[in-house]
Amino acid sequence: MLSLLIKRLGIGLVTVFAVSLIIFFGTKILPGDAAQIRLGQAATAENVAALRERLGLDQPLLVQYWNWLKNFLSGDLGVSLSGDVPITELIKDRYRNTLFVSSLTALIGVPISLALGILGAMFPRSIYDRVLTFVSVSLVAAPEFFTATLLVLFFVFWLGIGNAVVVGSVEGKGFFELIAHFGLPITTLCFVIASQLIRMSRAAVLNVMNSPYIEMAILKGVPRNRIIYRHALLNALGPIVNVVALNLAYLVTGVIVVEVYFGYPGLATLIVQGVQTRDFVLIQGLGMLFCLTYVVLMLIADIAAYMSNPRLRHPK
Amino acid sequence: MSTDSPADQAHYVAPYDDGVSFDELPDSTPGGKFRLSFTGWVGTIVVVFWLFIAVFGPFIAPYDENDLPFPDAYSEFQEPQAGALLGTDVMDRDVLSRIMFGAGRTMGISFVATVLAYFIGVVLGIGAAVSSPKVDMVMSRINDAFLSLPSIMLGLVVVAAVGSSIPVLIVTAGVIYASVIFRLSRALGMEIKVMDFVEAARVRGEGRWWIIRREIWPNAAMPLMTDFGLRLIYVILFISSLSFLGLGVQPPQADWGSMVRENLGALQYGTSIIPVIAPAIAIATLTVAINLIVDDVSAHSGGKLSNRL
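The listed protein sequences correspond, in order, to chains A and B. Numbering-wise, the first sequence is residues 1 to 316 according to this note's numbering. Numbering-wise, the second sequence is residues 317 to 625 according to this note's numbering.
No wet-lab data here; the hints were simulated from the structure. What you were told as hints is all true, and nothing was included just to trick you.
A few chain A residues facing chain B, derived, Cβ under 8 angstroms:
| no. | residue |
| --- | --- |
| 1 | V19 |
| 2 | A142 |
| 3 | I271 |
| 4 | V272 |
Just a few of them, taken from the derived set where beta-carbon distance is under 10 angstroms, the chain A residues facing chain B:
| no. | residue |
| --- | --- |
| 5 | V16 |
| 6 | G26 |
| 7 | S138 |
| 8 | A141 |
| 9 | P143 |
| 10 | F146 |
| 11 | T147 |
| 12 | F157 |
| 13 | V165 |
| 14 | A249 |
| 15 | Y250 |
| 16 | V252 |
Note that the structure is a prediction, hence the values are computed from the model and not measured. Note that CB positions come from ideal geometry on N, CA and C, so glycine has one too.
Just need the whole structure built from these sequences, with the hints factored in.
Structural data, given as structure tokens:
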């Protein structure tokens, strides 16, 4: 078990390293360099050269990469090209919004969708299950902004509550005021992850329900509820943790579209701005942050799978 | 297989978008009569409808994509009326015409990108499966690095580096999604490679290329084709999301994703909201319809493909 964990962590580290290579050299294809962009077209050649030297851009690419990675690991994300502001400064006000919305989505969305999915697995082929499957299949294939638009239509235009854009500052608002403030983005993201979670948790429980030992329990005459709570659910727990981690990783992507849709300042809108202004120092820093989160969540998903399934720990 | 991550081996989990496990592949190729269910028919009709619009849209659209139905008036976000059946958008253009022009662009880019992804993914995947273990491992590890990045983030990095144009979009989506198909076709190749009939061919003295062409490919083709619809959905969503972020198809060209973005203002002004809802519905109906067909086909071929979504 331990050696497997270490191996998986090792693969995770290698992945992070590869990711950093892709992000760093991917953005280096960009024509023009940071010094020129920061000083503008009017800068003299001497000024540009001086800044290049100060930023370390005159060094070989590999050295630059090493320095960048070292700085990133010590929490220094570099200086934004367009605003001339340290990126950690730019992130400071925004990360709270992104974190708040994603963690609340996880807190609200995950338990509800798990309950729905498990209920579906408890009554397979019932009307409830069929409706649930149909709705979740449709939602999975629909883009995030479609779900967002439907919710805006329902809440803002039909019920007349909320606002199609998230306006106003978050300063000095209490927890519940913040929930109301970000109500629509959170609801949208809940729907986005729910559609995946419902399907996957339902499949996980159904899969356990189809195994021989459950059949044995049925044949023994164990009551249905007891089979589900005592026999099936406990064994499905590991896969479900796996599913949850995978879907939280999915949240990393979903949050980008949702932030742009509702137009509130967050990390995702910042990175989109970075791409539009070709601020590649910003893209490198934030891209690494997003990918790191994603890789860590994937790692948790895999470890959960190892923990829950002895067959994976002792591969044939 | 022992070096692979659990996602490869997990039996119980319908893998996530980027994860493919070969347990989910249909066991057999569809034989006998294939009949679509009711939902399958609905899906087919919707897809045929959009295909028709994609091909003939530009010819039957009432206006050009950048023409103004009411050039003499200030006509932003008009309600539907004679002359503009779905109303007008943020720049006074006809929403219906733009949807018809955008159909071909959204669907065309996605389709070509998916085909490209298949080409790259299948060639490299089957190549890795029949190569020596060392080559296979190197290729798989590189592929894993790509798979462990959120696809939209990769797209953002590419667009930031080289700018956005239709060829760039196609190649980007093609390369990003090739990694999923690489994994799928490598897994298939690995599975087929150890089967008795391949063994027999090898003992018979057939060359590697002959085995790929005559033994592996025919057996891998069907599962791969069933998977095509599913990948197409993801590519459509990917392209539309990039366009929605303003980093995909560039204005003034119409595209469903960018139409939603352009007209987001309509939600605040409380005017006609059709410019936002119409392109969003267009994408959703298309992807859900493809999904309905995929569900039908995979149910028929005995696999649990639909679980993969």
